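**Student:** From first to last, the protein sequence lines are chains A and B.
The first sequence begins at 70 in our numbering and counts up one residue at a time.
The second sequence begins at 30 in our numbering and counts up one residue at a time.
One should not assume that every hint holds.
With a cut-off of at most 25 Å between alpha-carbon atoms, the simulated SDA-like pairs for lysine to any residue come out as follows [unchecked claim]:
id, chain 1, residue 1, chain 2, residue 2
1, A, LYS299, A, ILE326
2, B, LYS160, A, ALA303
3, B, LYS160, A, ARG199
4, B, LYS266, A, LYS239
5, A, LYS249, A, PRO293
6, A, LYS239, B, ASP168
7, A, LYS249, B, PRO283
8, B, LYS42, A, VAL81
9, B, LYS266, B, HIS314
10, A, LYS239, B, ARG163
A few chain A residues that don't get close to chain B, going by computed Cβ distances all over 12 Å [what the hints assert, rightly or not]:
id, residue
11, LYS114
12, LEU124
13, THR144
14, LEU181
15, LYS283
16, ARG322
17, GLU354
Since the hints were derived computationally from the structure, they do not count as laboratory data.
Quick caveat: nothing in here was measured; it's all calculated off a predicted structure.
Using N, Cα and C, we set each Cβ at its ideal position, and we do this for glycine too.
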Amino acid sequence: MPAEGSTTRVPVEERLFSLVLALLATDAGLTKNEILSTVQGYSQKYSHSGDNSNLERQFERDKDDIRELGVPLETIDSPGQAGNNQNLRYRIPRGAYELPADISFSPEETALLNLAAMVWREGSISEQSRRAIIKLRSLGVSTTEPVLSYAPRVRVRDAAFEPLSAALEKRQVVRFSYLKPGEAEPTVRTLAPLALVQHQGRWHLYADDAGTPKTFLLRRIVGPVTTLAKTFPAPPPDTKDRALLELEDVWNRHTAIVEVEPGTDAATRLRRRRGSSVAASGALELHYSDTNIFADELAGYGPEALVVSPPHLREAVRARLERTAADHG
Amino acid sequence: MAERAKPRQAQDKLAFLLSLVPYLMDHDRVSVSTAAAHFGVPEEQIREAVRLIGVSGIPGDTATYQHGDLFDIAWDDFEDNDEIVITNLVAIDDSPRFSAREAAALIAGLQYLSALPEQADREAIATLTAKLSRGASADPSQVAVEGSEADETLALARESVAKGVQLSFDYLNSQGQAERRRVDPLRVESVDADWYLRGWDHGREAVRTFRLDRASNPEITSDPITHSVSDVSLPDKLFEGSVDDLLVVIDVAPGAAILLADYIPDNADTVEVDGRLRTTVRVSHYHGLKRLIASMPGVATVVEPAEARAVVAEWAAAGAARYAQ
């Protein structure tokens with residue numbers, strides 16, 4: 070039992086749990102002082118006469134941790150004391166905390182969501198999908214069968230993914246060096262990150278560059294991503310779909326004609342590439358997003374694939390093969 | 030790093046506590062083992078959480094956590110029978126919402142799966158996405174993954190796994206030779222836009238991983254599989270090393286090393302040489318290596334053995350020669 074004057078250390082999760090319970094149970098809200106002096110985990114360390122600045126900092130961090138879990142911790146002014154920071158009151162409004170009562174998931178839907186969560190195996194996005202599944206299980210729906218016959222996964226290996234997804238969430242401006250192909254030196258970009266989308270197996274950042282939306286390949290970001298204090302307004306909810314549509318549009322507009330040697334790996338795999346078709350000449354007509362990336366891919370096929378057009382792709386593949394031959398000569 | 034890990038653990042535990050309480054409320058009496066199985070956690074984690082819930086509550090009117098302000102459980106049932114019965118409830122009535130990022134992770138995962146044969150019902154995915162959005166405490170984060178393409182080979186692979194029957198198809202190995210393969214399909218796997226089938230290869234008498242875009246003319250048979258997932262060991266890692274693998278020393282630009290991560294053995298020595306990383310990759314033969322290295326021009330170079338360098342040089346030179354004609 071919690072007792073006053075107890076000297077036993079209260080585990081972090083017990084303090085956070087007690088804070089959530091206390092703030093859920095109050096309609097009028099609690100002041101910071103009320104929280105620190107009464108809530109389990111803080112009250113043990115609270116000094117009635119002295120300095121509580123350490124404890125206050127602890128409370129600030131705890132608030133962030135709780136909000137990160139999707140718990141809507143809000144502040145309201147005390148009646149008649151608007152603007153007085155010391156008398157701000159904290160609470161968790163029940164309606165914004167609880168899953169709406171009309172939302173339920175069938176066993177089939179739950180199984181599908183379990184599979185969707187499995188897609189993420191790395192980084193904070195896998196922790197978030199794991200937590201989402203714990204919350205889903207809270208509803209008590211049991212699934213028909215464990216999904217063992219599928220192992221889908223999407224990778225998030227680009228080092229820039231974590232800092233960008235955190236900045237995206239907090240709507241903070243970011244700065245990084247970006248190396249455009251063909252340029253000798255990277256240039257520094259300062260941008261508002263709007264969406265992170267994976268297209269054709271590669272992660273892209275869709276960002277606002279001084280009023281113009283632009284797309285950046287994460288693998289071309291050089292060095293660390295710096296997050297600035299400056300924030301920006303939330304983009305419309307369909308921003309990520311727009312980012313994917315723009316990438317799809319670029320992909321559709323780029324067409325290459327490639328001759329492949331029959332029966333080879335190039336013939337089999339390029340033929341199976343999304344959107345590929347056989348042109349009148351018998352060569353393959355293929356779509357691609359980025360000349361440099363597609364040239365790398367085609368160079369891997371060595372003599373099995375010959376680019377007919379466009380000329381800049383043809384030249385890019387030729388130069389790559391010569392480079393590799395020279396590097397290994 | 031250890032300091033970063035700590036709050037995350039506490040956050041995970043908090044999420045678990047906030048999820049466990051509503052589940053226990055809906056079950057008047059539930060055994061620790063049932064709850065553990067439902068949440069997919071060790072039984073001890075359930076017991077620990079229940080012990081904590083049993084002494085938690087709100088400060089209450091007196092601000093001193095009086096008995097009625099605390100959760101209570103039937104301690105005898107818990108201690109003696111490993112059963113959980115909540116006898117007094119505080120503050121929590123229902124399951125918590127998803128956070129914006131939690132909802133986004135599931136939505137993006139669903140979107141990625143949308144091309145799977147049995148998920149062809151886009152309506153169901155749209156409905157689920159809408160529920161997740163409405164069940165989140167803020168608009169889901171702007172993270173999305175392009176849905177993969179529905180594909181006949183993928184559909185048949187999946188169907189054969191589900192039915193437990195053998196599948197046969199033409200398969201090109203990386204030497205470029207086509208062969209008819211017959212497999213007991215065990216699991217359909219993917220990495221980003223690439224799909225694989227893992228199965229017991231009747232010709233090789235071993236578990237093999239097949240890239241589905243290298244397989245053609247698939248045919249589903251009526252012969253039941255002879256090996257199931259429980260008979261063979263299917264490692265979690267998609268790309269497994271073998272004792273017959275060849276080791277090759279390469280130099281790679283630091284930014285590109287991640288592209289080779291699947292090929293670098295865990296115990297590989299990596300040193301910096303002239304701004305590049307010198308490390309070891311393992312390949313089953315040089316024919317696979319030449320394709321890999323040629324697709325990373327100027328970024329990765331084979332150092333040794335000389336034979337491997339020669340195979341790569343020859344491959345690239347043959348490719349370049351086609352443009353000279």
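**Student:** Are the hints correct? Go through all of them and say.
**Tutor:** Now for the hints, and whether the structure bears them out:
1. A/LYS299 with A/ILE326: violated, 46 Å
2. B/LYS160 with A/ALA303: The given pair, whose Cα atoms are some 21 Å apart, holds under the 25 Å limit.
3. B/LYS160 with A/ARG199: Distance of about 18 Å is within 25 Å: holds.
4. B/LYS266 with A/LYS239: violated, 34 Å
5. A/LYS249 with A/PRO293: holds, 16 Å
6. A/LYS239 with B/ASP168: holds, 12 Å
7. A/LYS249 with B/PRO283: This hinted pair holds, its Cα atoms lying about 17 Å apart.
8. B/LYS42 with A/VAL81: holds, 9 Å
9. B/LYS266 with B/HIS314: Cα-Cα ~20 Å, so holds.
10. A/LYS239 with B/ARG163: Answer holds: A/LYS239 to B/ARG163 is near 20 Å, not above 25 Å.
11. LYS114: holds, 15 Å
12. LEU124: Holds, since 16 Å exceeds 12 Å.
13. THR144: Check passes; 16 Å lies beyond 12 Å.
14. LEU181: Violated: least Cβ distance 7 Å, not greater than 12 Å.
15. LYS283: holds, 15 Å
16. ARG322: The assertion about A/ARG322 holds, with a minimum of 17 Å to chain B.
17. GLU354: holds, 17 Å
The structure does not agree with the numbered hints 1, 4, 14 stated previously, though it agrees with the rest.
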